[in-house]
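Build the full structure now, drawing on both the sequences and the hints.
Next come the chains, spelled out residue by residue.
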Amino acid sequence: MANQLYQDRAQKIKDTINFENKSVTTCYMGQAAPAAHMGVKMKDFAMNPVINVKTTLDYIKEIDAITSVDCLNMSVNGMRSDHGLPMAWLSKIKMPGRELPDDSLWQVEETGVLNQEDYDIIIEQGYDVVFNRVLPQLLDLNELQESVDYQQQNGQKNAQLFVDANLPAVNSGFASPPFEVLCGGRSMSKFFMDCYKIPDKIEKAIEVMLPGSVQGMLGSVNTNIGNGSWVGGWRGASALVSPKIWNRLVWPGMKALAQALIDNDHIATFHLDQNWDRDIERFLEMPAQKSIINTDGMTDLRKARKILGEHTAIMGDVPAPLLATGTTQEVKDYVNCLIDDIGPKGLFIAPGCDAPANSKFENMVAMFEAANNWK
Amino acid sequence: MVKLGEMLANLEMDELMEAVQKELDQGTDPVEILKDCEAGMVAVGEKFSAGDYFVSDLMMSGEMFKEVGEMLEPHLAGKTGESLGKVVLGTVEGDIHDIGKDLVYIMLKSGGFDVIDVGVDAKPEAFVDALKESGAPVLALSCLLTTCYDSILNTVKAVEAAGLRDQVKIIIGGGPTDESVVTYTGADAVGDDAQSAVRICKEMM
Ligand code: B12
Chain Y
223 MANQLYQDRA QKIKDTINFE NKSVTTCYMG QAAPAAHMGV KMKDFAMNPV INVKTTLDYI
283 KEIDAITSVD CLNMSVNGMR SDHGLPMAWL SKIKMPGREL PDDSLWQVEE TGVLNQEDYD
343 IIIEQGYDVV FNRVLPQLLD LNELQESVDY QQQNGQKNAQ LFVDANLPAV NSGFASPPFE
403 VLCGGRSMSK FFMDCYKIPD KIEKAIEVML PGSVQGMLGS VNTNIGNGSW VGGWRGASAL
463 VSPKIWNRLV WPGMKALAQA LIDNDHIATF HLDQNWDRDI ERFLEMPAQK SIINTDGMTD
523 LRKARKILGE HTAIMGDVPA PLLATGTTQE VKDYVNCLID DIGPKGLFIA PGCDAPANSK
583 FENMVAMFEA ANNWK
Chain G
3 MVKLGEMLAN LEMDELMEAV QKELDQGTDP VEILKDCEAG MVAVGEKFSA GDYFVSDLMM
63 SGEMFKEVGE MLEPHLAGKT GESLGKVVLG TVEGDIHDIG KDLVYIMLKS GGFDVIDVGV
123 DAKPEAFVDA LKESGAPVLA LSCLLTTCYD SILNTVKAVE AAGLRDQVKI IIGGGPTDES
183 VVTYTGADAV GDDAQSAVRI CKEMM
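So the protein lines, in turn, are chains Y and G.
Residue numbers 223 to 597, in my numbering, belong to the letters of the first sequence in order.
Residue numbers 3 to 207, in my numbering, belong to the letters of the second sequence in order.
Note that these hints are calculated values from the structure, not bench results.
One should not assume that every hint holds.
List of simulated lysine-lysine pairs, DSBU-like, C-alpha gap at most 35 Å [stated by the list, open to error]:
| id | chain 1 | residue 1 | chain 2 | residue 2 |
| --- | --- | --- | --- | --- |
| 1 | G | 125 | G | 5 |
| 2 | G | 159 | Y | 525 |
| 3 | Y | 314 | G | 68 |
| 4 | G | 134 | Y | 412 |
| 5 | Y | 466 | G | 171 |
| 6 | Y | 379 | Y | 426 |
| 7 | Y | 423 | G | 134 |
| 8 | Y | 554 | G | 5 |
| 9 | G | 68 | Y | 412 |
| 10 | G | 159 | Y | 263 |
| 11 | G | 5 | G | 159 |
| 12 | G | 49 | Y | 419 |
| 13 | Y | 582 | G | 159 |
| 14 | Y | 412 | G | 171 |
| 15 | Y | 419 | G | 134 |
| 16 | Y | 244 | Y | 276 |
| 17 | Y | 528 | G | 49 |
| 18 | Y | 423 | Y | 283 |
Laid out in structure tokens, this is it:
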């Protein structure tokens with residue numbers, strides 16, 4: 223049984239999405255931020271799930287002891303990036319201590335594993351045929367199996383550590399929409415050209431892939447830890463693609479994924495990198511008070527709040543460079559100014575996108591302190 | 003001549019390729035065709051700066067311009083006319099983002115510059131070697147990662163150490179760069195989009 227503080231915080235997540243929160247909600251995100259501050263080598267942090275979970279938990283607890291961390295954006299399970307992320311973008315992940323120096327961050331490497339003919343194969347034979355062919359090019363299948371086994375044996379135990387520390391998560395699930403998967407697999411420049419030259423094929427391939435994406439996503443949500451899932455928006459950002467492409471190939475997939483979450487009583491968290499200003503009103507198409515936009519500092523949240531009103535909660539958006547290189551005063555000013563302008567209701571204060579590996583600890587604290595102390 | 007530039011600016015790929023072929027068949031001067039397409043690229047750049055076009059549109063126009071270039075190549079044979087000057091371009095060490103850099107390449111090229119592209123994750127020495135070999139008076143550095151500011155700094159230092167700093171202007175650009183990065187690294191100027199790269203290079207030549 224979780225104790226009272228955990229339950230209060232879990233309730234605060236729900237209240238925030240319903241615009242009934244009494245104060246702004248502080249929300250942790252920072253997949254790589256803990257290592258340096260905790261004196262752990264990035265290599266060990268990134269490659270060893272036991273170290274990853276413990277280091278992350280200790281880091282968040284250290285902040286929480288100074289100022290309340292109400293929740294996590296995404297639950298923490300220690301899954302190695304090179305095992306968890308290749309499916310999202312059909313890309314290889316270079317790891318510290320393996321392809322990269324011991325103290326460097328893991329890196330996504332687009333390798334262009336998909337050819338133009340693969341759209342036809344997906345349409346005619348299904349996505350699995352292509353996926354099963356390329357997966358061995360992206361990771362070591364035996365290692366992946368070890369990771370999966372580790373999760374099966376330890377997932378519940380690790381989750382309990384966060385419950386015991388009174389740290390509920392908003393999200394535990396993850397979805398990379400078919401547009402993103404194909405974009406990573408083809409590489410961004412080739413894929414964008416395909417979007418102009420053969421949009422019909424891409425649209426069909428996306429249609430074929432979507433049911434599998436929905437199923438995978440719903441399977442990844444663990445309601446005991448966090449009742450929501452990310453719906454990723456990376457290369458599909460409004461700033462990156464023309465309205466024609468966005469309307470036809472980006473938004474329908476994102477919307478279908480989010481709708482499936484909502485139909486199953488989960489929260490849809492649109493994780494949005496880059497600038498989405500042009501299309502922000504489209505989020506009104508989702509049912510009211512069931513979703514969150516999780517932005518990275520580039521989307522105009524003043525405009526977003528004006529347009530979305532109390533329809534969609536906002537999670538963001540302290541910019542990564544500010545956390546890495548700014549002063550605590552600059553961080554506090556940023557947070558105060560944001561809450562002054564868009565109000566505390568329906569607002570999670572969190573790092574934009576992800577707190578980077580070189581985030582200063584005092585800036586993380588300053589971010590949450592400013593939010594918790596906002597009058 | 004039909005409006006090739008307009009087709010390019012409207013991103014009408016098939017129409018443009020057909021029209022270029024037709025012009026070539028009719029014996030139109032390939033230099034004229036190229037000029038018209040360059041004007042189209044300028045229009046695309048302006049639409050992008052104005053927020054009417056998006057990154058994918060820029061990339062598509064770049065692809066079209068490249069394909070036209072390939073069609074014209076055998077007909078041009080050194081007839082491209084006067085170059086505005088040479089520019090060495092690349093993405094700095096540790097950074098492999100090349101989409102912005104490639105757009106800068108296309109815009110500079112269509113703007114009449116000779117561009118020497120040293121690629122991505124380029125070491126300071128690679129830039130210095132290219133500067134020495136080409137005698138280019140402008141060095142353009144692309145950088146998308148805040149963690150790579152020091153690579154810009156190291157490149158500027160390497161240019162100094164090679165004794166080239168007073169002959170070479172250094173401009174930077176890419177996602178997170180701004181005036182403060184110019185100050186930090188000792189570069190000369192920053193441009194916020196591919197169109198501005200053309201403007202700044204013209205000023206510096
Ligand atoms: C596509 C992409 C990738 C692709 C790159 C593919 C490729 N071939 O380039 C891949 C998947 C490989 C990748 C990898 C990584 N990426 Co990346 N990536 C992006 C993404 C989505 C788009 C970048 C882009 O192409 N933008 C479009 C171009 C056109 O913009 P631009 O480069 O700024 O160029 C324009 C202007 O700036 C200007 N310009 C550019 N260069 C120059 C030069 C001069 C001289 C001038 C005048 C002008 C100029 O002209 C261009 C056109 O107007 C951005 C996020 C985003 N949505 O922006 C993240 C982003 C840049 N990546 C990021 C990160 C962290 C990474 C990784 C470290 C992630 C990881 N852990 O794997 C790795 C790093 C790999 C490495 N060593 O470089 C961060 C950077 C954060 C930071 N500020 O440091 C971003 C911002 C995402 C985020 N929010 O976290 N990425």
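Here is how each hint holds up against the structure:
For the given pair, residue 125 (chain G) sits about 43 Å from residue 5 (chain G) by alpha-carbon distance, which is inconsistent with the 35 Å threshold. Taken as a hint, the residue 159 (chain G) and residue 525 (chain Y) pair is broken in the structure, with Cα atoms around 42 Å apart against an allowance of 35 Å. Taking the CA atoms of residue 314 (chain Y) and residue 68 (chain G), the gap is near 29 Å; set against the 35 Å cutoff, the hint holds. Restraint check for residue 134 (chain G) and residue 412 (chain Y): the C-alpha separation of about 33 Å stays at or below 35 Å, so the hint holds.
Our distance criterion of 35 Å between C-alpha atoms is broken by residue 466 (chain Y) and residue 171 (chain G), whose separation comes to about 39 Å. This hinted pair does not check out: residue 379 (chain Y) and residue 426 (chain Y) have alpha carbons roughly 42 Å apart, beyond 35 Å. Taking the CA atoms of residue 423 (chain Y) and residue 134 (chain G), the gap is about 47 Å. The hint is violated against a cut of 35 Å. Note on residue 554 (chain Y) and residue 5 (chain G): the hinted pairing is violated, with a Cα-Cα distance of about 54 Å set against a maximum of 35 Å.
For a cut-off of 35 Å, the pair hint linking residue 68 (chain G) to residue 412 (chain Y) stands: about 14 Å separates their Cα positions. Note on residue 159 (chain G) and residue 263 (chain Y): the hinted pairing holds, with a Cα-Cα distance of about 30 Å set against a maximum of 35 Å. Only pairs whose Cα atoms come within 35 Å are accepted, and residue 5 (chain G) paired with residue 159 (chain G) is rejected, the gap being roughly 47 Å. In summary, the hint linking residue 49 (chain G) to residue 419 (chain Y) is supported, as the alpha carbons are separated by about 21 Å, within the 35 Å threshold.
Between residue 582 (chain Y) and residue 159 (chain G), the direct Cα distance comes to roughly 28 Å. Compliance with the 35 Å bound is thereby established for this hinted pair. This hinted pair checks out: residue 412 (chain Y) and residue 171 (chain G) have alpha carbons roughly 33 Å apart, not beyond 35 Å. Distance hint between residue 419 (chain Y) and residue 134 (chain G) is unfulfilled; the C-alpha atoms sit about 41 Å from each other, more than 35 Å. In summary, the hint linking residue 244 (chain Y) to residue 276 (chain Y) is supported, as the alpha carbons are separated by about 32 Å, within the 35 Å threshold.
Under the criterion of a C-alpha separation no larger than 35 Å, the hint pairing residue 528 (chain Y) with residue 49 (chain G) is consistent with the structure, at around 27 Å. Restraint check for residue 423 (chain Y) and residue 283 (chain Y): the C-alpha separation of about 49 Å exceeds 35 Å, so the hint is violated.
Taken one by one, the earlier hints fail for this structure at numbers 1, 2, 5, 6, 7, 8, 11, 15, 18, listed in ascending order.
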